[in-house]
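Start from the sequences and build out the full structure, keeping to the hints where you can.
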Amino acid sequence: MDATVIIQLFVSGLTVGLLYALVAIGLTLIWGVTDIINFAHGEFLVIAMYFGFFTYSLLGVSSILAMPVAVVFLGVLGWIVYRYVISRVLKSENILSQIVVTFGISVFLQSLFLFLFTGDYRSVDNDPWIKGDVQVGGIFSSTPEVITSILSLVVIFFINLFIKKTYTGKAIIATSLDRETAQLMGINTERMNSITFALGIACLGVGGVVLPITTHVSPYSGFLFAVLAFTIVALGGFGSVVGTILAGVIVGMIQTFGGFFVEPAYKYLCVFVLYLLVLMVRPKGIFGW
Amino acid sequence: MNVKKENLIRSSLLVISVFILIYPFLFKAAFYQHIMIMVFMYGLLAVSWDLMGGYANMFSFGHSAFFGIGAYTSTVMLIHWGINPWIGMIVGGCLSGIVGVLISYPTSKLRGHYFAIATLAFLFVTKILLENWRFVGAAQGLSVPMVKESSLLYFQFHGSKIPYYYIMLGLLVLGVVLTKWVIRSRIGYYLRALRESPEVAQSLGINTAKYRLIAIALSAFLAAISGTFYAQYVLYIDPPSAISLHISVQVVLISVFGGTGTINGPLLGTAILIPLINLIGAWLGGAGRGIAFMVFGAVIVVMCLIQPDGLIKYFEGWKLSNRRENEAA
Amino acid sequence: MKSKMSCLTMVALMCAIGILNFGTVSYAQDKVIKVGGELPLSGPTAPTGALNKRGMDLAVDIINNKYPGLTLPFAETEGIPNLGGAKLEIVYVDDRGDPNVALAEVERLIQQEKVVAIIGGWQSSCIKTGSMVAERLKTPYISGAGSSVDLTKRGLRYYFRLIAHSGKVARAYFDSLQAMEKRLGEKYKKVAVAYENTEYGSVCNEQLENEAKNRGYEIIASIPFDSTAISVNVEVQKIKAAKPDVFFQIGYDPDAILFTKTMKKFGCTPPVWYGMAGYLSPKYIPSVGKDGNGVLISGWFHPRFSKPVTQKVGEIYKKRYGKAMNIPVALNFMTPFVIADAINRAGSTDKEAIREALEKTRFTADQNIMPGPGIWFTPVQPPPKHTHDNEGVSMLVLQIIDQKVEVVWPFDGKTAEIIWPHPKWSEK
Numbered sequence: 001m002d003a004t005v006i007i008q009l010f011v012s013g014l015t016v017g018l019l020y021a022l023v024a025i026g027l028t029l030i031w032g033v034t035d036i037i038n039f040a041h042g043e044f045l046v047i048a049m050y051f052g053f054f055t056y057s058l059l060g061v062s063s064i065l066a067m068p069v070a071v072v073f074l075g076v077l078g079w080i081v082y083r084y085v086i087s088r089v090l091k092s093e094n095i096l097s098q099i100v101v102t103f104g105i106s107v108f109l110q111s112l113f114l115f116l117f118t119g120d121y122r123s124v125d126n127d128p129w130i131k132g133d134v135q136v137g138g139i140f141s142s143t144p145e146v147i148t149s150i151l152s153l154v155v156i157f158f159i160n161l162f163i164k165k166t167y168t169g170k171a172i173i174a175t176s177l178d179r180e181t182a183q184l185m186g187i188n189t190e191r192m193n194s195i196t197f198a199l200g201i202a203c204l205g206v207g208g209v210v211l212p213i214t215t216h217v218s219p220y221s222g223f224l225f226a227v228l229a230f231t232i233v234a235l236g237g238f239g240s241v242v243g244t245i246l247a248g249v250i251v252g253m254i255q256t257f258g259g260f261f262v263e264p265a266y267k268y269l270c271v272f273v274l275y276l277l278v279l280m281v282r283p284k285g286i287f288g289w
Numbered sequence: 001m002n003v004k005k006e007n008l009i010r011s012s013l014l015v016i017s018v019f020i021l022i023y024p025f026l027f028k029a030a031f032y033q034h035i036m037i038m039v040f041m042y043g044l045l046a047v048s049w050d051l052m053g054g055y056a057n058m059f060s061f062g063h064s065a066f067f068g069i070g071a072y073t074s075t076v077m078l079i080h081w082g083i084n085p086w087i088g089m090i091v092g093g094c095l096s097g098i099v100g101v102l103i104s105y106p107t108s109k110l111r112g113h114y115f116a117i118a119t120l121a122f123l124f125v126t127k128i129l130l131e132n133w134r135f136v137g138a139a140q141g142l143s144v145p146m147v148k149e150s151s152l153l154y155f156q157f158h159g160s161k162i163p164y165y166y167i168m169l170g171l172l173v174l175g176v177v178l179t180k181w182v183i184r185s186r187i188g189y190y191l192r193a194l195r196e197s198p199e200v201a202q203s204l205g206i207n208t209a210k211y212r213l214i215a216i217a218l219s220a221f222l223a224a225i226s227g228t229f230y231a232q233y234v235l236y237i238d239p240p241s242a243i244s245l246h247i248s249v250q251v252v253l254i255s256v257f258g259g260t261g262t263i264n265g266p267l268l269g270t271a272i273l274i275p276l277i278n279l280i281g282a283w284l285g286g287a288g289r290g291i292a293f294m295v296f297g298a299v300i301v302v303m304c305l306i307q308p309d310g311l312i313k314y315f316e317g318w319k320l321s322n323r324r325e326n327e328a329a
Numbered sequence: 001m002k003s004k005m006s007c008l009t010m011v012a013l014m015c016a017i018g019i020l021n022f023g024t025v026s027y028a029q030d031k032v033i034k035v036g037g038e039l040p041l042s043g044p045t046a047p048t049g050a051l052n053k054r055g056m057d058l059a060v061d062i063i064n065n066k067y068p069g070l071t072l073p074f075a076e077t078e079g080i081p082n083l084g085g086a087k088l089e090i091v092y093v094d095d096r097g098d099p100n101v102a103l104a105e106v107e108r109l110i111q112q113e114k115v116v117a118i119i120g121g122w123q124s125s126c127i128k129t130g131s132m133v134a135e136r137l138k139t140p141y142i143s144g145a146g147s148s149v150d151l152t153k154r155g156l157r158y159y160f161r162l163i164a165h166s167g168k169v170a171r172a173y174f175d176s177l178q179a180m181e182k183r184l185g186e187k188y189k190k191v192a193v194a195y196e197n198t199e200y201g202s203v204c205n206e207q208l209e210n211e212a213k214n215r216g217y218e219i220i221a222s223i224p225f226d227s228t229a230i231s232v233n234v235e236v237q238k239i240k241a242a243k244p245d246v247f248f249q250i251g252y253d254p255d256a257i258l259f260t261k262t263m264k265k266f267g268c269t270p271p272v273w274y275g276m277a278g279y280l281s282p283k284y285i286p287s288v289g290k291d292g293n294g295v296l297i298s299g300w301f302h303p304r305f306s307k308p309v310t311q312k313v314g315e316i317y318k319k320r321y322g323k324a325m326n327i328p329v330a331l332n333f334m335t336p337f338v339i340a341d342a343i344n345r346a347g348s349t350d351k352e353a354i355r356e357a358l359e360k361t362r363f364t365a366d367q368n369i370m371p372g373p374g375i376w377f378t379p380v381q382p383p384p385k386h387t388h389d390n391e392g393v394s395m396l397v398l399q400i401i402d403q404k405v406e407v408v409w410p411f412d413g414k415t416a417e418i419i420w421p422h423p424k425w426s427e428k
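Protein chains in written order, with the working numbering: chain A, 1 to 289; chain B, 1 to 329; chain C, 1 to 428.
The set of hints was computed from the structure by calculation and includes no laboratory data.
Only a predicted model underlies this, so the values are computations on that prediction, with no experimental measurement involved.
Ideal Cβ positions, reconstructed from N, Cα and C, are used throughout, including at glycine.
Mixed in with the good hints there might be a few duds.
To spell it out: a stretch of chain B is covered by chain C in this simulated footprint if at least three of its residues, at any positions, have a beta carbon under 8 Å from a beta carbon of chain C; those stretches are [what the hints assert, rightly or not]: (1) 23-31; (2) 132-146; (3) 227-237.
If we take Cβ atoms under 7 Å as the criterion, some of the chain A residues that face chain B in the derived model are [said to hold, decoys possible]: (4) F103; (5) A234; (6) A265.
Following this line, the structure appears as structure tokens:
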């Protein structure tokens, strides 16, 4: 077997893994702090994707310019959703409600997209800034993929910084580790929750706007990303930023190597099977709290 | 509860029952009959889900996998070995039950959210496997061989939906009777104990695992029955339609809307939401489908906020004197 | 005096009767015959679905109005003659590219809209279920598209198909391949197929495998994929590693674009690249630009093909829509004519009578814009023989040259010289 092929698979797996990690990072924060699995995560990502697409198709400029708008919009949306929906459901202490309510949001959003944008598949085919293929010594990638990988590392780096170095960040960690003690220490845990939720959703605005360049956006695009994100967060352990990156890359690698050596049709199967195995052995994930 | 109110409830139930029985003759349009058939089919699915989710506390988001196993088993047996779909239905149910039990072993340690995600993963694994398995038609799916004329023996009717209506109604009634019998038996008693406080139950020496397994097996069995019905109703199945996240999610949402752990709740939820979705979708035409599910999603969210125990909670006090509802001793 | 009065009265009476008769005749002429049209009007193949609709609408326009000088049936008249000039109307439904939606929508068309027949269909998976329901409800279904071989191997009495099935397409591909081998003195051996994994793609794959094996080629890779997949990185890497001589990419709109972009990204250039359906999408060339040059496509139609009726209709279309007519427009274009002809010969809207009339359909070459001697159907036969498959159709092979679609095979019917082998990415 050609060494180039292996290296190429490695690079492909890395780029797709970092992309997944970028999608999953928001989820792991939300999960770690509020204990809610946001099943609508994929749909929020799709909002960002539509932002990116329409910026390109209606304004004719690069979809990456939609990023600040998308981030702010999603941050606000996340805050609203937390305050008026999630926090109430958390108070009711009914676990099933907590799971179901985000599914309800997901169904609602998906249908909203269907209604507003129809079921057609759209892609950004000729972005003015982010285009072209990249070749380094026989290893191929594309500019959009490289950019999302860099964005992923940047975002995760800053999130990590935020969590470790700022007061709010540390308060968030404290809340996720032990809610009661954090409250006793004077931390407004409700506020921590809403900040985390808003932040987690806002993260999607970073990568989401660029995605329509490498793939297409439709009302249904969200759910595969979401399921992979759940898998990554559960693998890497909820709340662990480092865990998310590593798990993301692992998933990317399994998908790529598994798809190549087993059968491309089974590329996701390998991921899910591995996930089920890990779940049985170490339910809290590799780095979980 | 006073006698007057009881009599009112009894007569309302009677009226509703008669209405359901003569419905296909009142509403001759195929579309309206279809809605009720879907109500019955989803009703059975929801009831089966409640057994697993509401009583055994295992919130499965992959219930459609059992549905699919039922649909595929009976169809494959018919196509490859010429076995009658009624028999195939029972076999499918049993197979589904076995699969349910097998899945529960590795996942029994998982709780709440984790279990839900594991069931999602299981759903996708099943779907991908079926999509690539030639024997069951892979991604192309399977067409149930059409018999030229409608036939009860071969479980196929063309031209009129009325036979399908009564068959599904019958299956639903059987399923509900069976489920309620289990709930009221010792098994149900233990399950409720388990649900209310697992630690106490275990300390009393109740074999929690065994009763969970029974609930799962029955739940999977009934879901598979719905699946076979679907295959014979539509005469075509493929992985996206039979092993669908969409169906799974709808079943859970409907049950939660109605109120889990009650059997009546999911039935109520189905009776309200399924017609709602279909009617809005039809009324508004092309864009209607989007709006119908927007309404569905919004209704679910609202219900979770104002009444997490589901719609049935509002009917909690309505007991009839010779019926005993769920009461842990 | 009296006789004059009575004369006048008689004339007046006759005029009145004449006017009343005219009135009744025109009242009958306002009669409309509804047929159902099933197309993907939203979803991943929506752009192609919209083109199909244009073709069908144009056909209905030709049938219902006067188009003198056009040799298509009913062009010279308005409406369907034997039914008093009744006009044809298509009631469209959107199958969204989903076979289960197709099933429900066709059922609704028949039971609620009470159409006398269903025409149209684009994706084989949707046609499969739509025609199944039509069969159950004893309603004729004529599809202009739907290349999956299996569609006509079901022995269905009510389903009729116009397009050349994928077995014929595979034969045309390999005929053209071997013709080029002969011309250049080359010999290709290794074949790779990437196919979308529903009815259409997997049946195409089977047909290609059969032809390849019968003619001594080796299938070195056979890769199913999801047409709406997020990425095809892994699939393309596998193809690249296999180093095929001949590459077939069988899919729909989204994946044709995705594969082209991904093949370019990995610098993968097979010497021969055949594509199908998705490459005909109106989005394809605008999306990939010159990267699409060199792809060979199955040619069920070309507007500059040498039949006069083809060119005439092509001109009408171009004048109306500003663009050249292409395959998605043409495939279902003939379906309204076929059903109108059957209704006309049956002289009624009774579905059984229409079905019998359909079986006796006979269009000549001039009455059909598609390549080939005409339209006539095989009889009802048990599988594996074909039932109601169109025998009058023949195939071309097209190629995208300079971002335009040209006919390159058979060589004597070509509109441009074939480009061979497939150009490198930098040279496109």
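Against the structure, the hints come out as follows:
1. 23-31: Answer holds; 3 residues pass the 8 Å Cβ test.
2. 132-146: holds (count 7)
3. 227-237: Satisfied; 3 residues make the cut.
4. F103: holds (6 Å)
5. A234: Holds - the Cβ of A/A234 comes within 7 Å of chain B, reaching about 6 Å at its closest.
6. A265: holds (5 Å)
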